[in-house]
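Undergrad: Chains as they are written, first to last, in this note's numbering: chain A, 1 to 342; chain B, 1 to 282.
Don't take every hint at face value.
To be verified - Covered by chain B, according to a simulated footprint, are these stretches of chain A (three or more residues, beta-carbon under 8 Å):
{"#": "1", "stretch": "64-73"}
{"#": "2", "stretch": "192-203"}
Unchecked claim - If you want the ones that stay clear, here's a sample from chain B, every Cβ over 10 Å from chain A, calculated:
{"#": "3", "residue": "Ser26"}
{"#": "4", "residue": "Arg29"}
{"#": "5", "residue": "Asp48"}
{"#": "6", "residue": "Ser72"}
{"#": "7", "residue": "Ala79"}
{"#": "8", "residue": "Tyr97"}
{"#": "9", "residue": "Arg152"}
{"#": "10", "residue": "Glu193"}
{"#": "11", "residue": "Pro226"}
{"#": "12", "residue": "Pro253"}
Hints were generated in silico from the structure; no laboratory data involved. Predicted, not measured: the structure shown is a model, and the values here were computed from it. All residues carry an ideal CB built from backbone N, CA and C; glycine is no exception.
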Amino acid sequence: MTDARRRRTFLVLAIALPVVVTLGVSMGSVSLPPLGVARSLLAAVGVPLGGSAPLPPSSEAILWSVRLPRVLLAALVGGGLAVVGAALQSLFRNPMADAGLLGVGPGAALGAVVAVHLGWAHQVFLALPLCAFAGAMAAVVAVYLLAHAGGRPSLHGLLLTGLAVAALAAAGTSVLLVATEEFRVRTVLFWLAGGLEGRGWEHVRLGAVFILTGALALITLARPIDVLSLGEDEAAALSLPVHATRMAIFVLASLVAGPATALAGSVPFVGLVAPHALRPLVGGLARRLLPASFLAGAVLVVVADLAARTVSDRLDLPLGSVTAFVGAPYFLFALRTQEGRA
Amino acid sequence: MRAMLAALLVAAFQSSTPHPPGSASSPLRVASLNLTADEVLVEILPPDRLIAVTRWADDPKTSNVAGRVPASAFRFPKADLERLVALGPDLVVVSEYTDADFLRLVERSGLRYHRMAGLESLAGQRQAIRDLGRAVGAPAAAERLAAQHEERLRELDRRLQGAPRPRVLYWANPHTAGAGTAIGALIEAAGAENLGRTLGLQGIVPLNSERAFLSDPDVILLGHWPGALEALKAEPLLSRLRAVREGRIVEMPNELLVTLSQHSADACWYLAAALHPDRVRP
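Isolated chain A, as found in the complex (with noise of 0.2 Å):
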């Protein structure tokens, strides 16, 4: 792997994700044109343009209060959970792990069933994402509580209370889909399938503040991950003190993926595919799998938003249907071609 291969791929990226937040604030049932919002958007951040408004009011409200939280809201997620897919990946040395490990996405439905059961995501601005983040953050504190229980948990200890808990929220979450009444069930089901319709900007500073603060602070404990990924023993051996490093990574994982899967429910395998797809291209160093992963993250649910949205004209796909239909066969083929050249 060459330095310069690292770099392209950054660049590439680094571009990749304006062209397609550019893309998707353009696209859409109704067609915005691109220099009319790349207009509006100079305008707002104070570069003066002079001349006639960039857009009309209608397209400058679809544009600013509809289209361009959502993709941005899009960009977080994706960055975020590829960071946290990344980050856990190397923590449990497991190209396979991710956020579901965690026991949040099971947790975050437990919570937005809840929010739908009692009526409150119907009433009350926000209840739905503010539950699905309290059952989030719940889930991973009875992960916590429960692994250490019995002293210090082995990695093995954490993945199967993980999965436990997970277990559990999700027989909750059946119980209640079952007892709520049936014009509410369709509400809860739309946000169990991934997605970001009727997303404005007080979930995007939601995000931002949760997201972007766990992702650097993750891309920050890049060489205590990158140490960690050589094994406990070795670890150790380097001082590195296992244990806080390891519930360091955890609980800042968990504030990442717990906001991203409350505002966008269920969005499956961007925390596999991104860092998976980027191993070959940066390396496995957390240092720059982390970011790369940010970006591609990014760039892959922004551009899903885009198809879920702009597929067909009677229905919006559920984002985390688009993200499985990509995902899975592309996981599938990475998973042949490795097992080709073993």
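Let chain A serve as the given structure and place chain B on it in line with the hints.
TA: Structure of chain B alone, referenced to chain A:
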């Protein structure tokens, strides 16, 4: 790249309401995002003021106003906020089950909305029609519609005075209608006992087939959709119900079963005619 990120972050944290909400006076252009509103608005608004309805309004299997919606009105294939903003209605009519987060975005886009609620009872439906009439500036037309609804149900009640009340179980495998549901209210207004309520159920909830079998209904109420009757007759336990064996099953047209508008009076008359053919004719 850094400048781009900074610009995006600045944008994210800026207030983003480019337009003030619409005028609070009578809205001239009304868009509907739910079928109940479609059915009411077709009756109470001049055609040129109804600028958008749901795509279900044209489907005779779900709508009681199929073929009557003005051709000029946009049909929403989905709850498409971007299209809604582009249409620029003065008022958007949404349902009780529209997400609070979606509604906040509607407001942020400079649109006003009216939420129809309380539709699980017949009186609530009349109140919702009156409230909608006031919201769209057509209170007199809405009042007439609500009064007709009330009058038709009063007449039905008069005809059913003293009639035996069969025990009716609504069945949408595996759901039934308990107390606090529009279907329960429909059953009771049609001169029957809602078995779902008798069983202590609340809302549209699943009912296991053993409990349904033990409740031994006099009549089963089904929606008239493909496979519903066949599924009931193929169900190992429910197929042995007296009501099923003796053919006391009412298949109700779907558009009547699901309506929460003034057409619920038609639904009550339809079911009453099936249950009490000696007293009521459809």
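Undergrad: Give a verdict on every hint.
TA: Structure-based check of all given hints:
Counting residues of the stretch 64-73 of chain A whose C-beta lies closer than 8 Å to any C-beta of chain B gives 7; at least three are required, and the coverage claim holds. With a threshold of 8 Å between beta carbons, the proposed coverage of the stretch 192-203 of chain A by chain B holds, since 7 of its residues qualify and at least three are required. The non-interface label for Ser26(B) is consistent with chain A: the shortest C-beta to C-beta separation is roughly 21 Å, beyond 10 Å. No Cβ of chain A approaches the Cβ of Arg29(B) within 10 Å, the least distance being about 13 Å, so the stated non-interface status holds.
Residue-level check passed: Asp48(B) sits 19 Å from the nearest beta carbon of chain A, beyond 10 Å. The claim that Ser72(B) lies off the interface holds: its Cβ sits roughly 18 Å from the closest Cβ of chain A, which is beyond the 10 Å cut-off. Listed as outside the interface, Ala79(B) is inconsistent with that label: its C-beta sits roughly 7 Å from the nearest C-beta of chain A, within the 10 Å cut-off. A beta-carbon of chain A comes within 10 Å of the beta-carbon of Tyr97(B); the shortest separation is about 5 Å.
Taking the minimum C-beta to C-beta distance to chain A, about 26 Å, the non-interface status of Arg152(B) holds against the 10 Å cut. At roughly 22 Å from the closest C-beta of chain A, the C-beta of Glu193(B) stays outside 10 Å, upholding its exclusion from the interface. Distance to chain A confirms Pro226(B) as a non-interface residue, since its nearest Cβ pair spans about 19 Å, more than 10 Å. With a cut of 10 Å on Cβ distances, Pro253(B) stays outside the contact zone with chain A, its closest approach being about 20 Å.
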